[in-house]
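Protein sequence lines, in the order shown, are assigned to chains E and A. Numbering-wise (the working numbering), the first sequence opens with residue 80 and increments by one. Numbering-wise (the working numbering), the second sequence opens with residue -4 and increments by one.
One or more hints might be untrue.
Partial chain E-side listing against chain A, Cβ under 7 angstroms, derived [what the hints assert, rightly or not]:
id	residue
1	Thr105
2	Pro136
3	Pro139
4	Pro144
5	Leu163
In silico DSS-like links for lysine-lysine, alpha-carbon gap of 27 angstroms or less [claimed, not checked]:
id	chain 1	residue 1	chain 2	residue 2
6	A	Lys7	E	Lys161
7	A	Lys16	E	Lys161
8	E	Lys161	A	Lys0
9	A	Lys9	A	Lys112
10	A	Lys0	A	Lys16
11	A	Lys112	A	Lys171
12	A	Lys12	A	Lys135
13	A	Lys9	A	Lys37
14	A	Lys112	E	Lys91
15	E	Lys161	A	Lys112
16	A	Lys112	A	Lys16
17	A	Lys72	E	Lys161
18	A	Lys0	E	Lys91
19	A	Lys12	A	Lys0
20	E	Lys161	A	Lys37
21	A	Lys50	A	Lys171
22	A	Lys7	E	Lys91
23	A	Lys135	A	Lys7
24	A	Lys37	A	Lys112
25	A	Lys9	E	Lys161
26	A	Lys222	A	Lys72
27	A	Lys50	A	Lys112
28	A	Lys112	A	Lys0
29	A	Lys135	E	Lys161
30	A	Lys50	A	Lys7
31	A	Lys135	A	Lys9
32	A	Lys9	E	Lys91
One side of the interface only, derived from the structure: several residues of chain A facing chain E at Cβ under 8 angstroms [to be verified]:
id	residue
33	Met(-1)
34	Lys0
35	Ser3
36	Lys7
37	Arg51
38	Arg119
39	Ala122
40	Glu156
Don't read these hints as lab results, they were simulated from the structure. Glycine is no exception: its CB is placed at the ideal position from the N, C-alpha and C atoms.
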Amino acid sequence: MIVRILGEGQFKVDDAIAAELNQLDTDLETAVEQGDEAAFTAALTRLLAQVHAQGTPLPPDILEPSELILPHEDSSMDEVRKLLTDEGLIPG
Amino acid sequence: MGVMKRVSLVFKAKANKALDKMEDPRETLDYSYQRQLELLTKVRRGVADVATSRKRVELQMNQLQQQANKLQDQARKALGMGREDLAREALTRKSSAQSQLDELQTQYAQLQAEEEKLTVASQRLQAKVDAFRTRKETIKATYTAAEAQTRINEAFSGISEEMGDVGMAIQRAEDKTAQMQARAGAIDELMASGALDDVGGRRDDIQSELDMMSANSDVERELARLKGELTTGAPKQLEGGAPNGDATAAQGYQAPQQSQGPYTPQYTQPQQPQQVPPAQPPQQPQQSQEAQHAGLPVSDLPGLADERQEGDGS
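Given only the sequences and the hints, what does the whole structure look like? Please build it.
Written out as structure tokens, the structure is:
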């Protein structure tokens, strides 16, 4: 499975940890829904750490879309909300 | 559905929308390739812009450092001439310059990190664009309508995600650079105005109170140290050159009776005003003239400030 971290590039991650990532992702989503910035930051940090630890960077000349895309590590909750609702945030 | 999946769907939707606009699939390849090259140019320009900002901050840091050194020197001279009020003013300003310098150092590190990120992003995009070009040529050479659409879609969605990512990275870098340029502009103005003391920052009252206390104690410590140097070096100088009590009285400062042994502060500290009457270092007219003739942003802060005030008064 290919995961992108915005601002960092793509990582190849073993499908076996998908469940774990999904659990963390659910925490992230709950935090965004509840507007809990502290929980959001904590969840995002754990998620990124997990991808960094378990994933291997994809060679840059591989043209593959990612299955999952993670926000920048210094993203605010506001930015992530825009990312989800407003396509305007992605230029082009 | 989780956040990660939704973000990836937003990216895919974007790519599909662009694909749907094209009538001939082969057009998509060429059009997309043009866009990729444009984006590459843009990200490289982004790197250059951040580097320019970083250099500007570096320049300001040098100026501030020189200014701090000069003020330190002025403080020593002023004290040598028995003008403790002037020395205090110089050291107060030096302390302000130093805190500006510390802030700039943080900004400098941030800009450096941003520059690195963009450089890596530009290299990654370059590799993807090269891969895309190769695939584009292959698809065109072996073009059969049946399979072309799928292969084009694959190539296109692969690169379009990268382009979205890089596009955002450029945007973020631009935003950060703009913020820092605004800040750098403010510091330039501050340096030119000679009012380095009162930086209208966004800090809360307690923080500025704490900063003031710490700045004051820095000044006292420096003052005591310089006095110590003088006392051991030339004790007579201080005894002869007692202050006249003009500007010093206004500052709630009482000149020490004698300067013997280790220095102990004898003035009423807490009411030290923020705004101090213009200082007049003896060597200052010459510096102001130099600055005016050179037509440069004046790093000699007391010189310029005094010059201006004298002009207003007459």
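Against the structure, the hints:
{"no.": "1", "hint": "Thr105", "verdict": "holds (6 angstroms)"}
{"no.": "2", "hint": "Pro136", "verdict": "violated (10 angstroms)"}
{"no.": "3", "hint": "Pro139", "verdict": "holds (4 angstroms)"}
{"no.": "4", "hint": "Pro144", "verdict": "holds (4 angstroms)"}
{"no.": "5", "hint": "Leu163", "verdict": "holds (5 angstroms)"}
{"no.": "6", "hint": "Lys7(A) - Lys161(E)", "verdict": "holds (16 angstroms)"}
{"no.": "7", "hint": "Lys16(A) - Lys161(E)", "verdict": "holds (25 angstroms)"}
{"no.": "8", "hint": "Lys161(E) - Lys0(A)", "verdict": "holds (15 angstroms)"}
{"no.": "9", "hint": "Lys9(A) - Lys112(A)", "verdict": "holds (24 angstroms)"}
{"no.": "10", "hint": "Lys0(A) - Lys16(A)", "verdict": "holds (25 angstroms)"}
{"no.": "11", "hint": "Lys112(A) - Lys171(A)", "verdict": "holds (13 angstroms)"}
{"no.": "12", "hint": "Lys12(A) - Lys135(A)", "verdict": "holds (22 angstroms)"}
{"no.": "13", "hint": "Lys9(A) - Lys37(A)", "verdict": "holds (20 angstroms)"}
{"no.": "14", "hint": "Lys112(A) - Lys91(E)", "verdict": "holds (20 angstroms)"}
{"no.": "15", "hint": "Lys161(E) - Lys112(A)", "verdict": "holds (22 angstroms)"}
{"no.": "16", "hint": "Lys112(A) - Lys16(A)", "verdict": "violated (33 angstroms)"}
{"no.": "17", "hint": "Lys72(A) - Lys161(E)", "verdict": "violated (59 angstroms)"}
{"no.": "18", "hint": "Lys0(A) - Lys91(E)", "verdict": "holds (16 angstroms)"}
{"no.": "19", "hint": "Lys12(A) - Lys0(A)", "verdict": "holds (18 angstroms)"}
{"no.": "20", "hint": "Lys161(E) - Lys37(A)", "verdict": "holds (23 angstroms)"}
{"no.": "21", "hint": "Lys50(A) - Lys171(A)", "verdict": "holds (15 angstroms)"}
{"no.": "22", "hint": "Lys7(A) - Lys91(E)", "verdict": "holds (19 angstroms)"}
{"no.": "23", "hint": "Lys135(A) - Lys7(A)", "verdict": "holds (24 angstroms)"}
{"no.": "24", "hint": "Lys37(A) - Lys112(A)", "verdict": "holds (14 angstroms)"}
{"no.": "25", "hint": "Lys9(A) - Lys161(E)", "verdict": "holds (15 angstroms)"}
{"no.": "26", "hint": "Lys222(A) - Lys72(A)", "verdict": "holds (11 angstroms)"}
{"no.": "27", "hint": "Lys50(A) - Lys112(A)", "verdict": "holds (17 angstroms)"}
{"no.": "28", "hint": "Lys112(A) - Lys0(A)", "verdict": "holds (25 angstroms)"}
{"no.": "29", "hint": "Lys135(A) - Lys161(E)", "verdict": "violated (38 angstroms)"}
{"no.": "30", "hint": "Lys50(A) - Lys7(A)", "verdict": "violated (39 angstroms)"}
{"no.": "31", "hint": "Lys135(A) - Lys9(A)", "verdict": "holds (24 angstroms)"}
{"no.": "32", "hint": "Lys9(A) - Lys91(E)", "verdict": "holds (23 angstroms)"}
{"no.": "33", "hint": "Met(-1)", "verdict": "holds (4 angstroms)"}
{"no.": "34", "hint": "Lys0", "verdict": "holds (6 angstroms)"}
{"no.": "35", "hint": "Ser3", "verdict": "holds (4 angstroms)"}
{"no.": "36", "hint": "Lys7", "verdict": "holds (7 angstroms)"}
{"no.": "37", "hint": "Arg51", "verdict": "violated (23 angstroms)"}
{"no.": "38", "hint": "Arg119", "verdict": "holds (4 angstroms)"}
{"no.": "39", "hint": "Ala122", "verdict": "holds (4 angstroms)"}
{"no.": "40", "hint": "Glu156", "verdict": "holds (5 angstroms)"}
In terms of the numbered hints stated before, the structure departs from hints 2, 16, 17, 29, 30 and 37, listed from lowest to highest.
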